[in-house]
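Given chain P, put chain R in place with the hints provided.
For the protein sequence lines, the chains are P and R, in the order given.
All residue numbers for the first sequence refer to the working numbering, where the first residue is 913 and numbers rise by one.
All residue numbers for the second sequence refer to the working numbering, where the first residue is 913 and numbers rise by one.
Careful: at least some of the hints might be erroneous.
Identical chains blur together in the list; that is why a pair holds if it fits in one copy or across any two.
To be verified - In silico DSSO-like cross-links for lysine-lysine, where the CA-CA straight-line distance does not exceed 27 Å: (1) K966 - K1628; (2) K1371 - K1530; (3) K1541 - K1530; (4) K1472 - K1545; (5) K1737 - K1712; (6) K1059 - K1310; (7) K1741 - K1712; (8) K1717 - K1707; (9) K924 - K1167; (10) K980 - K994; (11) K1711 - K1741; (12) K1677 - K1472; (13) K1418 - K1279.
Hints in this document: simulated from the structure, not taken from any laboratory.
Predicted model, so just to flag it, every value in this text is computed and none were measured.
Listed here are the chains, written in short residue letters.
Number of protein chains: 2
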Amino acid sequence: MKRVYLFKEGSKEMGALLGNKGAQLCEMSRIGIPVPPGFVITTQACRDYFKVGKIDDELRREVKEALKDIERRTGKKFGGVKSPLLVSVRSGAPVSMPGMMDTILDLGLNDEIVEEMAKKDEWFAFDTYRRFLYMFGSIVLGVGEDKFDRILEKKKEEENVEMDQELSVDALKEVVNEYKKLYTPPPPEEQLFMAVEAVFKSWNNERAINYRRINNLPDDLGTGVVIETMVFGNMGDDSLSGVAFTRDPSTGEKKLYGEFIINGQGEDIVSGKRTPLPIEELEKIFPDIYKGLCEIAEKLERHYKDMQDMEFTVEKGKLYMLQTRTGKRTANASIKIAVDMVKEGIIRKEEAIKRVDANSLQQLLHKQIKGNHVKPIAKGLPASPGAATGKICFSADKASEIGDEERIILVREETTPDDIHGVVKAQGVLTARGGITSHAAVVSRGLGIPCVAGCESLKINEKEGFMEVNKLILREGYTITIDGTTGNVLLGEIELIDAKFTDELKILLEWADEFRKLKVYANADLPEDAEKAIYFGAEGIGLCRTEHMFLGRRLPIVRKMILEEDKREEALNELLEMQKEDFINLFKVMNGRPIIIRLLDAPLHEFLPRYEEMIEKKLKNGLTEEENKIFEKLNELREANPMLGFRGVRLAILQPEIYRMQARAIIEAAFSAIEDGYEVKPNIEIPVVSDANEISTVKKHIIEEIEKVFQEKGNKIDYKIGAMIELPRACLTADEIAEEVDFISFGTNDLTQTTFGYSRDDAGKEFLEEYVERKILPDDPFSIIDERGVGELMKIAVKKAREIKGNKIEIGICGEHAGEPKSIKFCNKIGMDNVSCSPYRVAIARLASAQAVLEN
Amino acid sequence: MKRVYLFKEGSKEMGALLGNKGAQLCEMSRIGIPVPPGFVITTQACRDYFKVGKIDDELRREVKEALKDIERRTGKKFGGVKSPLLVSVRSGAPVSMPGMMDTILDLGLNDEIVEEMAKKDEWFAFDTYRRFLYMFGSIVLGVGEDKFDRILEKKKEEENVEMDQELSVDALKEVVNEYKKLYTPPPPEEQLFMAVEAVFKSWNNERAINYRRINNLPDDLGTGVVIETMVFGNMGDDSLSGVAFTRDPSTGEKKLYGEFIINGQGEDIVSGKRTPLPIEELEKIFPDIYKGLCEIAEKLERHYKDMQDMEFTVEKGKLYMLQTRTGKRTANASIKIAVDMVKEGIIRKEEAIKRVDANSLQQLLHKQIKGNHVKPIAKGLPASPGAATGKICFSADKASEIGDEERIILVREETTPDDIHGVVKAQGVLTARGGITSHAAVVSRGLGIPCVAGCESLKINEKEGFMEVNKLILREGYTITIDGTTGNVLLGEIELIDAKFTDELKILLEWADEFRKLKVYANADLPEDAEKAIYFGAEGIGLCRTEHMFLGRRLPIVRKMILEEDKREEALNELLEMQKEDFINLFKVMNGRPIIIRLLDAPLHEFLPRYEEMIEKKLKNGLTEEENKIFEKLNELREANPMLGFRGVRLAILQPEIYRMQARAIIEAAFSAIEDGYEVKPNIEIPVVSDANEISTVKKHIIEEIEKVFQEKGNKIDYKIGAMIELPRACLTADEIAEEVDFISFGTNDLTQTTFGYSRDDAGKEFLEEYVERKILPDDPFSIIDERGVGELMKIAVKKAREIKGNKIEIGICGEHAGEPKSIKFCNKIGMDNVSCSPYRVAIARLASAQAVLEN
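One chain only, chain P, in its complex shape (with noise of 0.2 Å):
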């Protein structure tokens, strides 16, 4: 099997074998744009290395034969005296890792040579070879870069210069002189396959393996090496070299972006050894080369159809490239070029969606801490994005009752489902304990406010009103700013940037949703929700959780609720009217669009104070007659494993009071906003179902509520009845489930708890984490739908379903992985009809559910 290329045999499909630089090099070469002459060594020869331990015998004559076809195009001779050829010696691997492998430059050179090229050119000849030395030495063999420096600075500073390019030829001709004492470089020949073999072996270094793991590539592909003729920037004041990308990096404007240096390689740019001038400096100083490149810059973009990042060199004024491939950008940048390049005709509206990764729109759609100028003063885990500024606050109830005057950050050990009414007053949240997958950011997550979780250097006294963190005390009032994005926490209040809606995102948002087929629904409990769901594009409220109207100041009667059988029916009344207040504002912001309203899904226990602190207050100072009577019952309802316990539909089926209620308050306000001139579309949902029966149970309470509403009005409208599907029994019953209900929406963080038996609040601190970074599991399945598993049960449910009811149910899905791209994509391939996401992530499902139908 050929193992060497030579850049006119390649293309640009062969990364795999190539390498990506080598593959471009050859593409480059092939549509005529001016490419010092070279070859590659395949990847595969890189793979033989790596079983045999050497270089075999065959790829050397591969090697020796490319090379003489350079010299023959070039005139020159790699190790001659007269005409001598140099070469580099580059890794190229098939997926990009930028600086992780080795190149060595300037090969060929050895004092005999350098004697012949002084000649014509003496600072320019020991220039030459004092970088060959350097590099040969340090990287080939081993020889430590500071040997190297410490000649290089004394020289320097002997004869007072700052950079490199301004020491004397005699100067030069000193530093390789004490180059050689440090190693004796071998004959050319030798010279390339050391070089080759350390290419090889750099595929292996450790750097490269981290930044394999890091990015999760594959530890098997292994690297092409490119040799290429020398060009060199270095060769006098009419030579340079330079690096640009064919657009804005940062802000996708169309213009050449980059920088070059004269009289250099180009490794002093990056090792950031000179400072280098801006682009628009080379269209003053060379309009000719600007020129030039510019039109090779719009080629390559028409060749490629992306935004390239080129690598440059002039020559004694001719412009050779070195290198081309597709550049990064930030997700602003991406944006524009994609819709930008649609208007420009270079690709389609489908290439455009593809094109932007749908996970970037997140940092667009938060305030953002604007440089990075100011230290943290500590790091917790980025639970949800965005900053946030605000005076820190110890108590759910007090940030209840100041937040709507002040901005205030909730700083707590962990938020519990009782913290609620703070957590939706507060700019953001803090937390000592708990992981990105922890309540407080879920809540925040769910709401759009920017969370810090976790972070563990803080001691919070929350009794004594203040807080500790590496010996710096901040007492509750003081203000602090947070970066959900990052985990960072900042003293004081640090400038924020709004979140960016461009132009161009409403454009590409709106060519995603021509092509698209899942509906894209938010989760909102709140009006103030369902507003920025629907200013983010959603099509209506695919769950409203109905927890939080249980809760703050209702608290209180709801707890009556619980604990006074006598008083029940009176506390119920309260809470309909409260709810049916919630639900008649809900209505009306999205008016006509329709609403899912999940029924009551806590355990009862979870409105009554938590079992540590009762016992503790019991045990310290006794309880009231009042507190005794909550204990009683909190240890009669307290359970082994809530997560698995008496919720939901169960609850129901038992008391069927509370879902009834429920039932009437959503009805009772869809009429009282049909009679205010609005379009209602309640959906009510039962939740906690493991099986058909469940429902049929608990509908007829709800449907006989629902008549007596009827009856009451004179009228009816029309409402529709759903079960969630959170648990693997309702997966696997799906059919018969399908029987009892208009639509199904699976509820894919409980059910990845119950598939992998993890219990979300405790999987991730001590073991989830460790499974990911040891790859046992590729993803945390909290993050991206585990697909073998919880996935598969969904396609069994959807299956199922369809088998019944065809297209006459809707089937979607709710919770986080709604809002994540590569679950929204495997949502759309089983043939489901709706995601729903938090407001925030509206955006990133209406561009990931049309790349999931341009991908299939």
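Here is chain R on its own, set in the frame of chain P:
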């Protein structure tokens, strides 16, 4: 469609259409048994009646026509004065519902006919008339029975007689007159149709509905109606009525078993109004009739190939059979009859195996209370069968201490894994809280000791050493008896009967072994359990839990391991030696039979004191430094949902040293047993697996440790590694798991918890009982495998595992379902290889798995 069948038109296979009683009368008539002429109205007619609400004309026509047929055969005329035909109208459903529905006898009488009859036999005429008036009045017209009874009793007082048949003719006449004052009977034809209608209606009387609910029978079958010529056992001293079994239903002995009354009708026996004579007397009084009955019994048995329960009447010396049906019998009789009938050539082995209810074996294998003479002082849930007597003991520690010398009953609020050392020493366990799936119940069933759980009337005051139940106070040390089969708690020592493993049962099980495909293993942790398992016929141990090896006197060492990082290795070494001893003993008992040893499954916090205890102590008396350390660790390890927590393989991946120690203990023990001349088959099982990568990760450690032992011993032994499949995801990825293991075993207890999202600790007391009661679920899924959900996952897993490894992977089930016949049949159906149940259920499993093969 024909809705009336003459006896000659039906056969025994037509039970669904004719009801069981009707079909068997047809059959007897067909094969030449003397049966009075008659016909049957179909169950379809009954269902039609419930649709229309009346007897339609077509049915009337059919009935009248059939009646004419009887008249032709008997030469009598219904409603005729000269030779009147009297009939009985009896209910008979497709499935026997004894005594639940109505029967009316002696229909077709009026004053004129009775007068005419009286000319032949005055006493008989009026005895029959009063009987008719009573039954028709009370059943068809709803006249209160008490009214009739009062009249009859008054007359008996007046004549100073005790029995109805001692009344004089005059008295009977007066009774008839009084009865007729209560209502006037309609003419014969009306009687007939009113009676038919009454029988139809009785299908839906309250008692029948309840019976069907309790016995899980469908409500829509309807009943057939049998109309048959009356024959009279009350026609003088050469007439009699009787019931007889063809064999003794309580022992199975082959001899006629039954009773009869002279000059009386069948209902006099059933109602207990007269004391019947044992059937042996018949031989003495009417040897010919007895002989005839024996011949018929023999004929019926040979024809039906099963023991029969017969009703017969002798009218003036002539024997008529009125009913035959398969006779109910005790478990013991059932086995003996089945085995005997094989020997007699009546049935084949296969039939014998199919015929014994596998579940019924349970009552044979535990001690039972003799008789039922003592009134219980309390009643709890029958949590583990069998009876036991012992002294009350409130503490597990004390039980463990004195349990070897004294018989004790461990009485606890509820038990925890901490109590296991006490439970194993107790004769039985009694708890005040917890259901039939509570810890105490599960452990007791595993150990085969009786348990009464959730005995809520019990108030235990452990500190002061007494318990109170309904104002009765029992001090620790007082002797009680518990009956885990009924849930009864009795005062003092009660005589118990030993478990019976009769010769016939042994034979039956040997036959079963010839047919079954499933291997039957037992769950056994201790050598004593293993011995029992072998006695009952287990072929190996399918689940040896190692949790108990960390408890009892070893707990301090385990805590050292958990709490003191620096003493961890030391503690593990101590445990190694102890566990090694455990395993050596097990290997010796099982000598050559496979043992599946499950590595540690429980989360570490289960080995620390309960949180509630600690906090109480902390806040009351403060904690010692030692205790404080434990409390801190407990807070670190405590979980929101321990069922879904940091256990089994998860723990082992992060802390592999425990599994390493256990693997070493197993293999060292195996070597040691081999040295002593025993054969060993160790199988190491990894619990709580949700992904194949977990196994491969932990397997590396286990194999590495085992290889070390091999090196130290200079020898190798065979062993297998397997996985417990107890999470939905493990089922869904069983193909990948199969790649990694030699065997898998379903842990269906936990699989049921996660598939349904039910916490076993909570669900029972909260809603599960109610679910079964209301038929939301057909059965408790923790008792019988839920085939639609959990079973579906098992099917998927078996299919996927077999796709990869065919029959090279052994697939089993351990846990309680493995000893439940219906579940065992399911396991056989989906192609599993073994079931592993508690030793006491091994016999059940042997029989049920043979039945599974034969029923297929």
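Checked hints:
1. In the homo-oligomer, the alpha carbons of K966 and K1628 never lie at most 27 Å apart, since the shortest distance is 82 Å inside one protomer and 38 Å across protomers.
2. Taking the shortest Cα distances, K1371 and K1530 sit within 27 Å of each other both inside one copy (26 Å) and across copies (23 Å).
3. With identical chains, the CA atoms of K1541 and K1530 are at most 27 Å apart both within one copy (12 Å) and between copies (23 Å).
4. Within a single copy, K1472 and K1545 get their C-alpha atoms as close as 12 Å, which meets the 27 Å cut-off; across copies the closest is 37 Å, which misses it.
5. Within a single copy, K1737 and K1712 get their C-alpha atoms as close as 20 Å, and across copies as close as 26 Å, so both meet the 27 Å cut-off.
6. Neither within a single protomer nor between protomers do K1059 and K1310 lie at most 27 Å apart by alpha-carbon distance, with minima of 63 Å and 77 Å respectively.
7. Within a single copy, K1741 and K1712 get their C-alpha atoms as close as 16 Å, and across copies as close as 23 Å, so both meet the 27 Å cut-off.
8. When the C-alpha separation of K1717 and K1707 is checked against a cutoff of 27 Å, the pair qualifies both within a copy, at 15 Å, and between copies, at 25 Å.
9. For the identical chains of this complex, K924 and K1167 are intra-copy neighbours only, at 25 Å inside a copy versus 95 Å across copies, given an alpha-carbon limit of 27 Å.
10. Taking CA atoms no more than 27 Å apart as the test, K980 paired with K994 passes inside one copy only; the shortest distance there is 16 Å, against 134 Å between copies.
11. In this assembly of identical chains, K1711 and K1741 lie within 27 Å of each other by CA distance both inside one copy and across copies; the values are 12 Å within and 24 Å between.
12. Proximity of K1677 and K1472 under a CA criterion of 27 Å is satisfied inter-copy only: 23 Å between copies versus 36 Å inside one chain copy.
13. Within a single copy, K1418 and K1279 get their C-alpha atoms as close as 18 Å, which meets the 27 Å cut-off; across copies the closest is 79 Å, which misses it.
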